[in-house]
Structure formats: C-alpha cells, structure tokens
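K.L.:
Here's the letter readout for the chains.
There are 2 protein chains.
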Amino acid sequence: MAETCDLSAVDWIAVDWGTSNLRLWLMDRDDRVLAQRSSDQGMSGLTRAEFEPVLLDLISDVATVADRIDVICCGMAGSRQGWAEAPYRTLPCSPVDFMAATRVSTRDSRLSVRILPGLRQDRPDDVMRGEETQIGGFLAHRPDFKGTICLPGTHCKWVHVSDGQVKGFTSFMTGELFALLSKSSVLRHSVDSDQVDHDSFLAAVSDALATPELLTSALFSLRAASLLRDVGPAESRSRLSGLLIGTELAATRRFWLDQPVAIIGASGLGRAYQSAMHSQGVEAEIVDVAEQTIRGLCAARTAWKEFTHES
Amino acid sequence: MAETCDLSAVDWIAVDWGTSNLRLWLMDRDDRVLAQRSSDQGMSGLTRAEFEPVLLDLISDVATVADRIDVICCGMAGSRQGWAEAPYRTLPCSPVDFMAATRVSTRDSRLSVRILPGLRQDRPDDVMRGEETQIGGFLAHRPDFKGTICLPGTHCKWVHVSDGQVKGFTSFMTGELFALLSKSSVLRHSVDSDQVDHDSFLAAVSDALATPELLTSALFSLRAASLLRDVGPAESRSRLSGLLIGTELAATRRFWLDQPVAIIGASGLGRAYQSAMHSQGVEAEIVDVAEQTIRGLCAARTAWKEFTHES
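Residue numbers (full-length UniProt numbering), protein chains in the order written: chain D, 1 to 311; chain P, 1 to 311.
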C-alpha cells in the first residue's frame with residue numbers, strides 16, 4: 001500500500017473519507033501529490049474512536065519522521081456518525097470554506113485534523129458531503145463557470161453553480177437503486193453481466209425520458225422479457241441502467257437544457273451520463289473526480305495557511 | 001399447525017405455493033374448507049425434489065387415511081425453478097383453465113397433483129403466476145364484472161377484465177422496492193416504524209401523482225428530511241409508501257379512471273391502495289385474497305371433476 005516517497009517533503013495530508021472507502025494523498029508544500037493511499041475502512045464500518053488509528057496506520061511512515069501532521073478531510077467522516085460532526089453549511093454559498101471546518105480532537109498531539117462540512121438545502125430537503133469539495137476543486141480551476149455540475153454516484157447530484165457559489169441541487173438515489181436492484185431484487189437473475197450493450201442502454205434512456213412515470217413497471221418488464229424472450233443479461237443490465245439514468249434526466253431538464261454541463265466522474269458511469277445527454281443533443285464535458293477532490297482540499301489548505309499566517 | 005377435522009371428509013387439497021410461503025386448504029366434496037395450513041417453505045428455498053415431501057409433511061394426517069389425494073396448486077410452484085413448469089398461457093384468455101394445468105409426476109402414487117399455469121403478455125412483456133387464480137376466483141363470483149382488478153403485493157398487478165377474460169395487465173415492482181428501500185438502503189435509518197401516518201401517506205401520493213418523474217429524487221429527500229428536520233420514522237415510512245403507490249397511480253390512470261376497480265387484498269396494503277384512489281375520487285371495492293384464491297382453485301376442481309367424469 002505505502003509508496004516510497006521523500007517523507008521529509010510531506011507537508012500535509014489530503015483525505016477523502018467516504019462511506020465505504022478512504023483515499024488519501026501525501027502532499028508537499030507546493031500542493032503536489034507525493035503519494036496516494038487508500039483503504040476500504042470507510043465511515044460506515046468505524047466507531048468514532050477508530051478513525052484516528054486507521055489514519056495513523058495508513059501514514060505510519062510519515063508519522064515516524066514528522067513532529068506535526070496537518071490533515072484536511074472531506075466526506076462522510078464529518079457526518080454525525082463519523083469522526084466528528086461538521087455541521088452542514090446552508091445554500092447559497094461557496095462550496096468550500098476552511099473557516100467552517102470542524103477541528104477534531106486527537107490523542108496523538110502531533111495530529112492537527114480539520115474536516116470540511118457538507119452542504120444543505122432546505123426546500124426541497126437535500127444534503128451533500130464530499131461532493132462540495134469536488135465542486136470547489138472544479139471552481140478553483142474554472143472560477144467563472146456558470147451552469148450545471150453533475151456528480152454521478154450512489155446518490156447522484158445535479159448542482160446549479162454561478163458566481164462561484166452553489167445555488168441549488170437535487171440528489172437522486174440512482175446508483176443505490178441500481179446496486180439494490182441488480183444484486184438483491186428479482187432482477188438479479190436477469191442482469192448478471194459485465195458487458196455493456198450501448199444501444200439497449202440508449203433505447204432505455206429514451207423510453208424513460210418519454211414515460212418516466214412507468215419506471216417501476218419497466219423494471220418488472222426487464223424480468224418478464226428475460227423469462228419470455230430469453231433477453232440476455234448484458235441487454236437487461238444495460239436497460240436497467242438506461243431506465244434509471246433516463247428517469248433522472250426526465251427530472252433534471254432544467255439542469256441540462258440550454259446551459260453548460262460538466263460531469264465530475266471519468267469512470268464508465270460518468271461516460272454513461274455523458275452519452276445519455278449526448279443522445280438528447282447536450283454535449284457535457286467530463287473531468288476526473290480525484291483531481292477535483294485534491295484541488296478542493298488544496299483550496300482549503302491555502303486558506304488554512306493564510307489563517308495561520310494572519311493569526 | 002394441523003387442525004383437527006374429519007379427515008374422512010377430505011376430498012381434495014387446494015394449494016397456493018408462492019415464492020416465500022405455502023398455504024393450503026383441506027376441502028370437502030362440496031368445496032367447503034375443512035382446515036387451513038401454511039408453511040414458510042416457499043418455492044425459492046426448495047429444490048425440485050423437495051416439493052413432494054414438504055407437501056406430504058403438511059398433510060401427513062390426511063395421507064395416513066386416504067388412498068387417493070387430488071391436489072390443485074397455483075403460484076410459483078409452476079415456475080421453471082419450481083416443482084414442475086406450467087407454461088404461461090397467452091392473453092387474452094380466461095384467467096383459469098384446468099385443461100392447461102401441468103400434471104406433476106410424484107413418487108407417492110396416491111398423489112395426483114396439477115399445477116395451474118400463469119399468464120403472459122407480449123407487448124409490453126409481463127407475466128403473472130398465482131394472481132390469475134385470484135382473478136378467476138373473483139370472476140367465478142362476479143362473472144359479469146367489467147373493469148380493473150388491482151392486486152397489491154411484491155409485484156403489484158393492474159388487470160383489465162371483460163367478458164370473463166384477462167385483456168391486458170401491467171406489473172409494478174412497488175412492493176419489492178418498498179422492502180429493499182426500507183430494509184437495505186440508506187433510508188433504513190429513517191423509516192424504522194410500525195406506525196402509519198395517514199396524512200403523510202396521502203400527501204406523498206399527491207406529490208408523486210403530480211411529479212412522478214421525481215421519484216428517485218423524492219426518495220433521497222426522505223433521508224435528507226430526517227437528517228435536517230428530525231422528521232420521524234412513521235412520517236418517513238408513510239411518505240415512502242405514498243411516493244411508491246402514488247407513482248404507480250400516475251402510471252395506471254387508464255386502469256382506474258372512469259371504470260369499476262376491485263382490489264384483491266384486504267390487508268393494510270389493500271386499504272392503502274383504496275385510500276390512495278379515494279383521494280383521487282375513485283371508490284374501489286376490496287375483496288379478500290384467500291377467498292378469491294380458494295374460489296379460483298375450486299373452479300379448477302369443478303373442471304377436473306367434469307373432465308374425469310367425461311373421460
């Protein structure tokens with residue numbers, strides 16, 4: 001896990017601590033990445049007391065040479081069930097604000113840990129934790145961006161951004177529904193494939209855009225089609241993905257019609273959203289998740305240094 | 001489990017063998033129920049060879065005195081992974097046809113077992129197994145019924161019936177989605193309650209009817225509302241149910257607008273559908289599931305006796 005790097009050059013640690021995974025980067029004083037490390041010890045499997053030892057274990061080589069370790073975290077580590085609660089900031093606001101970070105008390109006195117808060121929206125009720133840092137990273141590079149940022153994932157977010165602020169957003173359970181339906185529902189018998197059938201995906205996107213109210217019926221029809229017509233698992237799985245993403249697109253027209261759209265997510269899922277929008281005449285750009293996360297954490301680090309310098 | 005009854009009066013066994021449960025009735029020669037028995041040994045937990053011993057175990061008292069045991073089954077026992085495949089009949093057709101039943105070969109030569117087939121529809125793809133027998137039971141009592149039959153459950157069915165035939169139907173994964181979301185998704189933290197908040201249920205039905213394309217977003221909003229506003233589990237659970245049923249109603253207007261609707265399902269779920277339709281100005285009647293199932297199996301038994309008598 002631990003890569004070799006010049007440990008004396010490590011200036012701070014950037015951490016994205018999510019529900020099921022943890023990813024961190026050893027950073028130098030010029031905010032260059034010296035090494036990347038990860039673990040499957042996400043927030044959901046840890047008690048409050050376990051976060052510090054898990055982190056120290058991942059950076060044990062750094063800890064042997066450093067007499068001060070600055071750490072900036074984003075993500076679910078800041079939830080009520082996490083390491084320390086970082087209360088949500090309320091829209092409209094800039095995505096990342098170091099001054100609102102929660103300071104974590106640690107047993108190892110060399111550790112100085114800050115967790116960035118997520119964002120909340122009150123009408124309709126919605127929350128994000130972690131995505132705000134990716135948005136902050138994107139805006140650090142593109143401060144004048146005005147349009148929509150789409151962040152595919154377990155709970156996909158569509159975010160209106162202008163004037164460097166998050167103005168509003170809507171989350172969808174698309175990713176979690178896909179996982180539940182493909183692994184734990186009656187559809188699991190019909191969608192066991194690692195192939196993608198692009199035409200079936202796009203046909204399902206189009207079906208769902210035309211009749212999004214039929215989603216829960218169209219899902220059952222996938223099972224019936226595999227029973228009655230021996231439709232293969234690649235086609236069924238691609239249709240399942242297309243139905244869920246198409247339904248999401250039906251509900252997000254105000255986000256993607258007639259304005260710039262950037263997708264944070266260069267994985268297959270990000271490309272699936274890009275291709276679904278392309279089929280509707282929308283050309284969305286794609287940027288890398290980890291890159292935006294690091295940039296967002298670096299923006300917070302810059303504010304931290306300025307704050308320390310001033311005080 | 002076994003009730004006392006006059007075993008010598010048992011003429012045949014009516015069985016509803018579903019995915020997760022098995023229910024049977026000892027019937028006399030005038031199709032009166034002598035006793036009811038049930039078990040959790042549903043189709044999904046059994047290999048083909050296990051069906052016969054499970055059945056014999058449930059009727060062991062009958063088996064010790066009878067020298068012939070006629071059995072009529074409906075439900076998932078007739079699926080490809082069941083006791084013996086009973087191939088689907090194609091719409092439009094009468095719901096129950098004994099002549100299309102599959103004869104099961106048994107090791108115990110006294111057993112004479114028939115499984116009734118389910119129904120298939122080809123455009124759009126859809127299937128049912130078990131519900132056709134309930135529909136047949138309903139029509140045995142109400143042969144002139146022309147309208148819609150709604151069968152709530154894991155995969156809720158909406159069925160167009162006229163001239164004693166099933167003309168078309170649409171299934172929804174509503175029940176299975178409710179179970180997955182309330183037990184296995186992020187919403188499980190927010191909906192753990194056995195109370196019903198009727199006003200919240202109806203408000204969510206209305207929301208979903210107005211904007212059914214927002215379902216997968218409204219689901220996430222339940223989680224956000226419990227985090228941000230401490231919305232209680234009874235309200236969240238009732239809203240979850242209302243969102244799913246309301247989305248179903250948005251997709252089934254052609255089934256429930258301006259025509260008679262009968263709900264087969266006198267449980268809380270059936271009443272939830274009734275009350276959701278009532279809020280839209282539709283007065284649906286409710287009938288009991290087991291009663292319709294027994295009536296449907298009795299209709300098949302009558303045909304069996306006529307057939308045996310003729311041949």
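These are calculated hints, taken from the structure and not from any lab test.
Mixed in with the good hints, there may be bad ones.
As the list claims (entries may be wrong) - Label-pair restraints from in silico Cβ distances:
(1) D/Pro124 - P/His198: 40 to 50 Å
(2) P/Ser60 - D/Val54: 53 to 63 Å
(3) D/Arg37 - P/Gly45: 17 to 27 Å
(4) P/Ser275 - D/Arg254: 50 to 60 Å
(5) D/Phe145 - P/Gln165: 54 to 64 Å
(6) D/Ser38 - P/Asp97: 23 to 33 Å
(7) D/Pro124 - P/Leu257: 26 to 36 Å
(8) P/Arg229 - D/Lys167: 20 to 30 Å
(9) P/Ala210 - D/Phe145: 52 to 62 Å
(10) P/Ala210 - D/Ser109: 34 to 44 Å
What the hints assert, rightly or not - Okay, the calculated bits of chain D under chain P, using three or more residues with CB under 8 Å as the criterion:
(11) 96-103
(12) 170-180
(13) 205-215
(14) 242-252
(15) 276-289
To be verified - Derived, one-sided and incomplete: chain D residues facing chain P with beta-carbon distance under 7 Å:
(16) Val33
(17) Gln36
(18) Arg120
(19) His155
(20) Ser185
(21) Phe220
A virtual CB, placed ideally from N, CA and C, is assigned to each residue, including glycine.
K.L.:
Hint by hint, note whether the structure agrees.
P.N.:
Taking the hints in turn, this is what the structure says about them:
Roughly 22 Å separates the CB atoms of D/Pro124 and P/His198, a value that falls outside the hinted 40 to 50 Å. A hinted range of 53 to 63 Å holds for the C-beta pair P/Ser60 and D/Val54, which are about 57 Å apart. For D/Arg37 and P/Gly45, the Cβ-Cβ distance of about 44 Å falls outside the hinted range of 17 to 27 Å, so the restraint is violated. For P/Ser275 and D/Arg254, the Cβ-Cβ distance of about 33 Å falls outside the hinted range of 50 to 60 Å, so the restraint is violated.
Taken as a hint, the range 54 to 64 Å holds for the pair D/Phe145 and P/Gln165, whose Cβ atoms sit roughly 59 Å apart. For the pair D/Ser38 and P/Asp97, the supplied restraint of 23 to 33 Å is violated, since their beta-carbon distance comes to about 60 Å. The hint said 26 to 36 Å for the Cβ distance between D/Pro124 and P/Leu257, and at roughly 29 Å that hint holds. One distance hint, 20 to 30 Å for the beta-carbon pair P/Arg229 and D/Lys167, holds here, with the actual separation near 21 Å.
Remark: the range hint 52 to 62 Å for P/Ala210 to D/Phe145 is contradicted by a beta-carbon distance near 33 Å. Distance hint check: the CB atoms of P/Ala210 and D/Ser109 are about 56 Å apart, inconsistent with the given range 34 to 44 Å. Counting residues of the segment 96-103 of chain D whose CB lies closer than 8 Å to any CB of chain P gives 0, which falls below the minimum of 3, so the coverage claim is violated. As drawn, the segment 170-180 of chain D meets chain P at 8 residues by the rule of a beta-carbon pair under 8 Å; at three or more, the given contact holds.
Remark: the segment 205-215 of chain D is confirmed as covered by chain P, as 5 of its residues place a Cβ nearer than 8 Å to a Cβ of that chain, reaching the required three. Residue count for the segment 242-252 of chain D with a Cβ under 8 Å from a Cβ of chain P: 5. That meets the three needed, and the coverage hint holds. Proximity of the segment 276-289 of chain D to chain P, defined as three or more residues with a beta carbon under 8 Å from a beta carbon of that chain, is not established by the 0 residues found. At about 31 Å, the closest approach between the beta carbon of D/Val33 and any beta carbon in chain P exceeds 7 Å, and the interface hint on this residue is violated.
The beta carbon of D/Gln36 is not positioned within 7 Å of any beta carbon in chain P (closest approach about 28 Å), and the interface hint is therefore violated. Restraint check, D/Arg120 versus chain P: the minimum CB separation of about 6 Å is within 7 Å; hint holds. A hinted interface residue such as D/His155 counts as satisfied when its beta carbon comes closer than 7 Å to some beta carbon of chain P; here the least separation is about 6 Å, so the hint holds. For the restraint placing D/Ser185 at the interface with chain P, the shortest Cβ-Cβ distance is roughly 6 Å, inside the 7 Å limit, so the hint holds.
Taking 7 Å as the C-beta cut-off, the interface hint given for D/Phe220 holds, the closest approach to chain P being about 4 Å.
Checked against the numbered hints listed earlier, the structure breaks hints 1, 3, 4, 6, 9, 10, 11, 15, 16, 17; every other hint is satisfied.
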